[in-house]
Amino acid sequence: MNARFLWSTVRKDLTRMRRDPLGLATSLGIPLVLVTLVTLVFGGQQAVPQGRLLVADEDQTILSQVLSSAFNREPLSKMVVTETTAKADGLRRMDSGDASALLIIPRGFQTAFLQNQAARLELVKNPAQSILPNIIEETLSIAVDGGFYLQREAAVPLRTLAGRQQPSDQTIAQVSVAFNQFGRSLAKYLNPSLIDLEMNVTGEQSQNQGVAAIFLPAMIFMGLLFVSNSHALDIWKEQSWGTLRRLATAPVSLATLLGGRLISLAVILFGVALAGVAGMRWFAQVPVASVPLATLWLVLSGMGFYLLLVTITVYAPNQRSANVIENLVIFPLALLGGSFFPFEMMPDWMASIGRFTPNGWAVTQFKALVAGSAHAKDLAIGAVYFAVAGSALFLITVNRMRRKLI
Amino acid sequence: MKRLMIEVEQLRKSYGELTAVDGVSFTARSGEIFGLLGPNGAGKTTTIGCISGLLTPSSGRVKVMGHDVVREGSAARAKLGVVPQEIALYDDLSARENLAYWGGAQGMRNPKLKERIQQVLELSGLQDRAKEPVKQFSGGMKRRLNFACGILHFPSVLLLDEPTVGVDPQSRVRLLELVRAEARAGTCVLYTTHYMEEAEALCDRLAIVDHGKVIAAGTLAELRSMLGERDLLRLTGSFPPFASRTALEKIDSIEILQADESLLLLSLAAASQKLPAVFAALAGAGAEVRGTTFTQPSLESLFIKLTGKELRE
Numbered sequence: 015m016n017a018r019f020l021w022s023t024v025r026k027d028l029t030r031m032r033r034d035p036l037g038l039a040t041s042l043g044i045p046l047v048l049v050t051l052v053t054l055v056f057g058g059q060q061a062v063p064q065g066r067l068l069v070a071d072e073d074q075t076i077l078s079q080v081l082s083s084a085f086n087r088e089p090l091s092k093m094v095v096t097e098t099t100a101k102a103d104g105l106r107r108m109d110s111g112d113a114s115a116l117l118i119i120p121r122g123f124q125t126a127f128l129q130n131q132a133a134r135l136e137l138v139k140n141p142a143q144s145i146l147p148n149i150i151e152e153t154l155s156i157a158v159d160g161g162f163y164l165q166r167e168a169a170v171p172l173r174t175l176a177g178r179q180q181p182s183d184q185t186i187a188q189v190s191v192a193f194n195q196f197g198r199s200l201a202k203y204l205n206p207s208l209i210d211l212e213m214n215v216t217g218e219q220s221q222n223q224g225v226a227a228i229f230l231p232a233m234i235f236m237g238l239l240f241v242s243n244s245h246a247l248d249i250w251k252e253q254s255w256g257t258l259r260r261l262a263t264a265p266v267s268l269a270t271l272l273g274g275r276l277i278s279l280a281v282i283l284f285g286v287a288l289a290g291v292a293g294m295r296w297f298a299q300v301p302v303a304s305v306p307l308a309t310l311w312l313v314l315s316g317m318g319f320y321l322l323l324v325t326i327t328v329y330a331p332n333q334r335s336a337n338v339i340e341n342l343v344i345f346p347l348a349l350l351g352g353s354f355f356p357f358e359m360m361p362d363w364m365a366s367i368g369r370f371t372p373n374g375w376a377v378t379q380f381k382a383l384v385a386g387s388a389h390a391k392d393l394a395i396g397a398v399y400f401a402v403a404g405s406a407l408f409l410i411t412v413n414r415m416r417r418k419l420i
Numbered sequence: 069m070k071r072l073m074i075e076v077e078q079l080r081k082s083y084g085e086l087t088a089v090d091g092v093s094f095t096a097r098s099g100e101i102f103g104l105l106g107p108n109g110a111g112k113t114t115t116i117g118c119i120s121g122l123l124t125p126s127s128g129r130v131k132v133m134g135h136d137v138v139r140e141g142s143a144a145r146a147k148l149g150v151v152p153q154e155i156a157l158y159d160d161l162s163a164r165e166n167l168a169y170w171g172g173a174q175g176m177r178n179p180k181l182k183e184r185i186q187q188v189l190e191l192s193g194l195q196d197r198a199k200e201p202v203k204q205f206s207g208g209m210k211r212r213l214n215f216a217c218g219i220l221h222f223p224s225v226l227l228l229d230e231p232t233v234g235v236d237p238q239s240r241v242r243l244l245e246l247v248r249a250e251a252r253a254g255t256c257v258l259y260t261t262h263y264m265e266e267a268e269a270l271c272d273r274l275a276i277v278d279h280g281k282v283i284a285a286g287t288l289a290e291l292r293s294m295l296g297e298r299d300l301l302r303l304t305g306s307f308p309p310f311a312s313r314t315a316l317e318k319i320d321s322i323e324i325l326q327a328d329e330s331l332l333l334l335s336l337a338a339a340s341q342k343l344p345a346v347f348a349a350l351a352g353a354g355a356e357v358r359g360t361t362f363t364q365p366s367l368e369s370l371f372i373k374l375t376g377k378e379l380r381e
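Going line by line, the protein sequences match chains B and W. Sequential numbering of the first sequence, starting at 15, is according to this note's numbering. Sequential numbering of the second sequence, starting at 69, is according to this note's numbering.
Careful, some of the hints might be misleading.
Claimed, not checked - Within a straight-line C-alpha distance of at most 16 Å, the following computed EDC-like cross-link-like pairs (lysine to aspartate or glutamate) qualify: (1) B:LYS139 to B:ASP103; (2) B:LYS251 to W:GLU154; (3) W:LYS377 to W:GLU329; (4) B:LYS251 to W:ASP159; (5) B:LYS139 to B:ASP112; (6) B:LYS251 to W:ASP160; (7) W:LYS203 to B:ASP112; (8) B:LYS139 to B:ASP183; (9) W:LYS203 to B:ASP34; (10) W:LYS70 to W:GLU100; (11) W:LYS342 to W:ASP320; (12) W:LYS203 to W:ASP160; (13) W:LYS147 to W:GLU75.
Worth flagging that the hints you see were computed from the coordinates, not collected in a lab. Please read all numbers here as calculations on a predicted model, not as lab measurements.
Sequences are here, hints too, so could you generate the full structure?
Dropping the structure here:
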């Protein structure tokens, strides 16, 4: 390869791209618009809706506090902010639509519960809201059901506790044994360790990733695909302009031209990748384990997509067919390969297939790089794959250009 | 003796059943403008493609300054400047940027490249528009820039494939002058065209091609002598084909080149004297003459004589 001409080609292509900012803006604009719309639909960076629950605790007992604190635990606390208030004030605020719901715990609630008597809770819902009041109602309903079964199954020890002002050590020990047996009897229906595991995982993701954070990698990869595709199709412009033919009469190789185009694309991809990673890090507040590595991975991925797409495009019979074929390739790739809908939103079977597409695999590795959980072995395999497949595609493209495009 | 720059020997190029170039042979020397004249589809561009290395000949041999274009392609291409028929430029780059790129492709380096770019911009009359994107240029300006890109690197052999197609008269005159200047500087120019006037005005030697074959070759004088002192008479009107032909064949030393219902092309000596006899014969055959054109011996009349058809067909 002629290094001087390679540099000349890089400069030429960068100048051409600079003169056509609309082309680049379109390639990047489509994913940006899509992800912005999706983010807005899902409520912006906040992954879940948030409402206000007013609690009028007229009982002021341990049980009433346990009940109201149920809403202060994650993941419910992400959705519901609990605020204690007086009943009259709560009703007034509900009338003005200031909260999602008002829970009134009446005086004597704990005593009635411990005495196995009917206890009544009052929930006032905001009719202007649909999701949050229902979530609160459902949560409360579960708590009431739990209380009912506790009352039924542990009535004796509860009454034992309720009947004495100061229970003796022996009474407490008996009650503890009774509760332990009660717990064991429920063990076959519940598996606390599994539930805890699931809750913890869900809690971590919710904490770190809003909708924007989930969609950003997909958006970045869609952008890479579109930019690479646009650059790949540009080879047909060169063909129609006759510049490929003219170059073939000069004492330089078409490989130098393709190499120059690849390098100029890498420069553009670097800008796109850096902006994307910076957006993740500082806009979406996603911790990025290594900004340089994540950026480099995006650039290499984009170069890989380019080589794949340019190989496909030079095998098209003409420019129009190339456009159609590229669309037929790029949209399924984007949709299936986590570059439109994130894998998190796909059915498991679809995500499993999508991860085997070139972009799906690259997205998965990128997320691992961002999270700091990428394995050196996987990355090394990726680098080898890129080098071997990329070189093969490069040579195939040059050969095809020489035979059919000049 | 001027140096032999292009040697084409029994060149043949086929695409399956179709033979685009069929046994073409010619040579061209330094400082010479050699023309390939022929109608569209005659095989001129294919011949240029084989010489420039764009196409691989099916058989035969092509040498540029002694380098075989197939076996020593890179060395041969280094001597060539090619101005393709289509305008092969980057529309979104300026004239100067295009020249810099194509100069780079030919191995030129700054500061010589910059100096030469300025020279060719002035030669082609584009120095005032050097920074404008090519897409803002007129067709003639693009043609001149297309030409400038071909001569930028001082090629020893310049291949020009119909460089004046679609060009305004002013740009055409300028382009032809540039071609002459290149030849005067010692460049061997191979010029293809289907414009006879251009070929007559420009070329030192010519090969007339049709259906992929050279049907006549030589200097302009040599080619004209093939016609003798015969004029070309072109008659338009309404001619019963058989009766007209029979009537005309009775006139001495008349040669019917083409005869159909609306056109007659005749080659004849001392045409002005024989004109009354021609009109009388045609009138007797029931023909009606509406237009008459006399042409002195020319490449066109030679082409018609050799192929039986007009070059523009």
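**Prompt:** Holds or violated: are the alpha carbons of LYS147 (chain W) and GLU75 (chain W) at most 16 Å from each other?
**Reply:** The given pair, whose Cα atoms are some 14 Å apart, holds under the 16 Å limit.
**Request:** Take a quick look at whether LYS70 (chain W) and GLU100 (chain W) sit within 16 Å of each other, Cα to Cα.
**Result:** 9 Å, holds
**Prompt:** Are the Cα atoms of LYS251 (chain B) and ASP159 (chain W) separated by 16 Å or less?
**Reply:** With a Cα-Cα distance of about 10 Å, the restraint between LYS251 (chain B) and ASP159 (chain W) holds, given a limit of 16 Å.
**Asked** Does the alpha-carbon distance linking LYS251 (chain B) and GLU154 (chain W) stay inside the 16 Å limit?
**Response** Holds. LYS251 (chain B) to GLU154 (chain W) sits at ~14 Å (cutoff 16 Å).
**Request:** Quickly compare the C-alpha distance for LYS203 (chain W) and ASP160 (chain W) to 16 Å and report which way the hint goes.
**Result:** Status holds; Cα separation ~6 Å.
**Request:** Would you check the hint for LYS139 (chain B) and ASP103 (chain B), treating anything up to 16 Å between C-alpha atoms as holding?
**Result:** Cα-Cα ~15 Å, so holds.
**Request:** Could you grab the alpha-carbon distance between LYS377 (chain W) and GLU329 (chain W) and see if it respects the 16 Å cut-off?
**Result:** Holds, at roughly 15 Å.
**Asked** LYS203 (chain W) and ASP34 (chain B): Cα distance at most 16 Å?
**Response** 13 Å, holds
**Message:** Check the hint pairing LYS139 (chain B) with ASP183 (chain B) against an upper bound of 16 Å on the C-alpha distance.
**Reply:** Since the Cα atoms of LYS139 (chain B) and ASP183 (chain B) sit roughly 44 Å apart, the hinted pair is violated (cutoff 16 Å).
**Item:** Agreement of LYS139 (chain B) and ASP112 (chain B) with the hint, judged by alpha carbon distance not exceeding 16 Å
**Value:** Judged against 16 Å, a Cα distance of about 11 Å means the pair holds.
**Asked** Keeping to a limit of 16 Å between CA atoms, is the pair of LYS342 (chain W) and ASP320 (chain W) held or broken?
**Response** Within the cut-off at roughly 9 Å; holds.
**Asked** Is the straight-line distance between the alpha-carbon of LYS251 (chain B) and that of ASP160 (chain W) 16 Å or less?
**Response** 11 Å, holds
Hint compliance for this structure: hints 7, 8 are broken, all remaining hints hold.
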